[in-house]
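**Student:** Sequence:
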Amino acid sequence: MGKPTYYVEVVRAGREQDHHDYWVLGRRAKHSGEPLNAEEVSFVEAVRASNRREAVVLVGRKYPGHAIAGMVAKV
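Under my numbering, think of the first position of the sequence shown as 418, with each following residue one higher.
A few of these clues could be false.
Lysine-lysine pairs mimicking DSS-like chemistry, simulated, CA-CA at most 30 Å apart [said to hold, decoys possible]: (1) Lys447 to Lys420; (2) Lys491 to Lys420; (3) Lys420 to Lys479.
Just so you know, these hints were derived from the structure itself, not from any lab.
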């Protein structure tokens with residue numbers, strides 16, 4: 418039996434506050450008025466792993482300097 422696929426949300430480096438504002442607070446623009454776009458603040462990476470922890474480690478190695486959001490889904 419093969420390893421399952423996990424989808425891990427990755428927050429782009431330096432965009433942690435924008436990610437929080439967009440997804441948690443529901444703001445669609447920065448305080449300066451510049452619009453926020455979901456693709457600009459984060460993306461989802463698919464990875465095959467034995468468990469959630471391994472999936473997070475693999476994605477973290479692939480994208481050093483980026484933050485891993487709390488969303489990890491198994492398919």
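**Student:** I'd like to know which numbered hints this structure contradicts. Please list them from smallest to largest.
**Tutor:** 1
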